[in-house]
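Asks: One letter stands for each residue in the lines below.
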Amino acid sequence: MERDDIIEYSLDAHHSEEEGKKIRKKIWMVTLILTVVTTVEVVMGIFLSKTVVGADSGVWTAIKLAYIGLTLLKAGYIVMVFMHLGDERKWLRYLIIAPYIGFICYLLFILFGEASWITMG
Amino acid sequence: MASEASKAIDAKVLWGGGRSPFSVSYGKMMMWFFLISDALTFGGFLGALGFMRIKFADVWPVSEQVFFHFPFVHHTHLPLLYVAFMTFILIVSSVTMVLAVEAGHRMNKKDVTKWLALTVLGGAIFLGSQAWEWSTFISGSEYGSYRLADGTTATLLEDGNLEMKSGDIVSGAQADQIKAESEFVQGANLHRNEYGHQLYADFFFFITGFHGTHVLSGVILNFIILLNVLKGVYQKRGHYEMVEKAGLYWHFIDLVWVFVFTFFYLI
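Top line first, the protein sequences correspond to chains A and B.
Residues are numbered in the numbering used here as their position in the first sequence, beginning at 1, plus a constant of 377.
Residues are numbered in the numbering used here as their position in the second sequence, beginning at 1, plus a constant of 297.
You may find that some hints are simply not true.
Claimed, not checked - Which stretches of chain A does chain B cover? Using the computed rule of at least three CB atoms under 8 Å from a CB of chain B, they are:
(1) 392 to 400
(2) 426 to 440
(3) 446 to 454
(4) 471 to 485
Stated by the list, open to error - The calculated lysine-lysine pairs, modelled on DSSO-like cross-linking and capped at a C-alpha distance of 27 Å, are:
(5) B/Lys406 - B/Lys533
(6) A/Lys399 - B/Lys542
(7) A/Lys467 - A/Lys403
(8) B/Lys406 - A/Lys402
(9) B/Lys352 - A/Lys441
(10) B/Lys533 - A/Lys467
(11) B/Lys528 - B/Lys352
(12) B/Lys542 - B/Lys406
(13) A/Lys402 - B/Lys352
(14) A/Lys398 - B/Lys411
(15) B/Lys352 - A/Lys403
(16) A/Lys441 - A/Lys427
(17) A/Lys398 - B/Lys476
(18) B/Lys352 - A/Lys399
(19) B/Lys406 - A/Lys403
By construction, these hints were calculated from the structure, which means they are not laboratory data.
Glycine is no exception: its CB is placed at the ideal position from the N, C-alpha and C atoms.
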């Protein structure tokens with residue numbers, strides 16, 4: 378059978394020792410960012426939990442939005458640096474990200490347009 | 298047309314015809330395609346969780362009040378710290394994986410072995426942690442709880458008093474009355490949940506269970522590839538792309554956990 382892992386035309390399949398040093402530096406930098414963001418999230422979770430700030434307050438909504446923002450930041454670093462999507466061709470990037478943009482639009486549409494039964498009890 | 302579609306075309310002609318679609322190998326692109334669909338499954342889980350927690354917001358447990366245990370530490374309230382530890386383990390194992398991929402690009406067998414072995418170890422620690430987390434959740438609080446008529450639960454304390462969901466302590470005759478009228482529950486499974494709404498426990502088991510199954514298969518995959526690295530299979534092949542493809546899967550597991558951590562535990 379013909380091997381299907383022919384990688385001669387792949388981008389960045391090999392690199393030199395010097396390039397490796399630079400890439401490793403970037404990896405440790407991203408590790409630091411992910412650790413700091415997770416720590417911030419946990420500290421927020423302990424000191425600014427729903428029971429502390431009150432579920433009905435605008436503060437809790439702001440905190441929820443902050444969590445989602447921090448999560449997307451972490452997700453971005455993992456996908457773009459750890460999964461090397463940032464180094465791939467532009468159209469491969471779009472091919473992978475586009476379904477989720479559609480999925481998120483769909484979820485938002487359901488939430489704001491069709492989900493009134495949830496609050497009607 | 299039908300004969301055209303069923304005609305066998307050599308992979309070398311398709312992918313090796315002087316260029317490859319998007320400049321990736323066939324295997325890597327198919328791994329991405331798999332991950333796209335797999336992520337939508339998790340998206341469905343988390344979307345359903347979001348809707349249900351809005352619908353039952355009044356009786357939905359606050360995770361900080363459910364997950365506050367830590368191994369070997371008793372009678373101390375440490376909200377979310379163990380989950381944070383699990384998150385950190387998974388991030389670190391993702392880092393060791395990306396370092397294994399980097400070493401593979403330099404064709405450095407020794408470094409690939411080292412980092413991949415650490416990745417397998419990290420995955421195993423995460424699985425063990427999850428087993429502990431499950432057993433703690435299943436066995437429940439120390440003295441159990443009473444399910445009240447409004448769907449919330451009151452936790453029984455060591456001195457016989459009751460701690461209501463609002464944090465108020467109820468004692469004496471009032472506590473005795475609640476105990477007489479309400480159902481006693483201890484622990485959580487797919488039939489009962491002493492912390493609040495049943496769906497909270499159901500989503501916990503399904504989401505972390507589905508994720509844990511992914512981690513288990515990831516650890517097995519990484520271990521098989523580690524054996525191949527040790528045997529020198531990829532050194533002989535001239536590239537370590539197999540490590541990269543398994544790496545995509547492993548990072549995906551970390552990625553899903555980042556979302557589970559936010560939408561199940563934090564919010």
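Asks: Are the Cα atoms of B/Lys352 and A/Lys399 separated by 27 Å or less?
Replies: 49 Å, violated
Asks: Tell me whether the statement that chain B covers the segment 471 to 485 of chain A is true, taking a Cβ distance below 8 Å and needing three residues at minimum.
Replies: Answer holds; 6 residues pass the 8 Å Cβ test.
Asks: Can you confirm whether the C-alpha distance between A/Lys467 and A/Lys403 stays at or below 27 Å?
Replies: Status holds; Cα separation ~21 Å.
Asks: Assess, step by step, whether the Cα of B/Lys406 is no farther than 27 Å from the Cα of A/Lys403, and give holds or violated.
Replies: At roughly 21 Å apart (the allowed maximum being 27 Å), A/Lys403 and B/Lys406 satisfy the hint.
Asks: Hint check: A/Lys399 vs B/Lys542, CA-CA at most 27 Å. Holds or violated?
Replies: Status holds; Cα separation ~22 Å.
Asks: Below or equal to 27 Å on CA atoms is what counts here, so check B/Lys406 against B/Lys533.
Replies: 11 Å, holds
Asks: With a cut-off of 8 Å between beta carbons, are at least three residues of the segment 392 to 400 of chain A near chain B?
Replies: It holds: at least three residues are needed, and the segment 392 to 400 of chain A offers 5 whose Cβ sits within less than 8 Å of chain B.
Asks: Does A/Lys441 lie within 27 Å of B/Lys352 when you go C-alpha to C-alpha?
Replies: 17 Å, holds
Asks: CA of A/Lys441 to CA of A/Lys427, is that 27 Å or under?
Replies: With Cα atoms ~10 Å apart, A/Lys441 and A/Lys427 stay inside 27 Å; holds.
Asks: Check whether the Cα positions of A/Lys398 and B/Lys476 lie no farther apart than 27 Å.
Replies: 65 Å, violated
Asks: Given the hinted pair B/Lys542 and B/Lys406, is their alpha-carbon gap at most 27 Å?
Replies: 17 Å, holds
Asks: How does the segment 446 to 454 of chain A fare against chain B when you require at least three residues with a CB closer than 8 Å, holds or violated?
Replies: holds (count 4)
Going through the hint list in order, the structure does not satisfy hints 10, 11, 13, 15, 17, 18.
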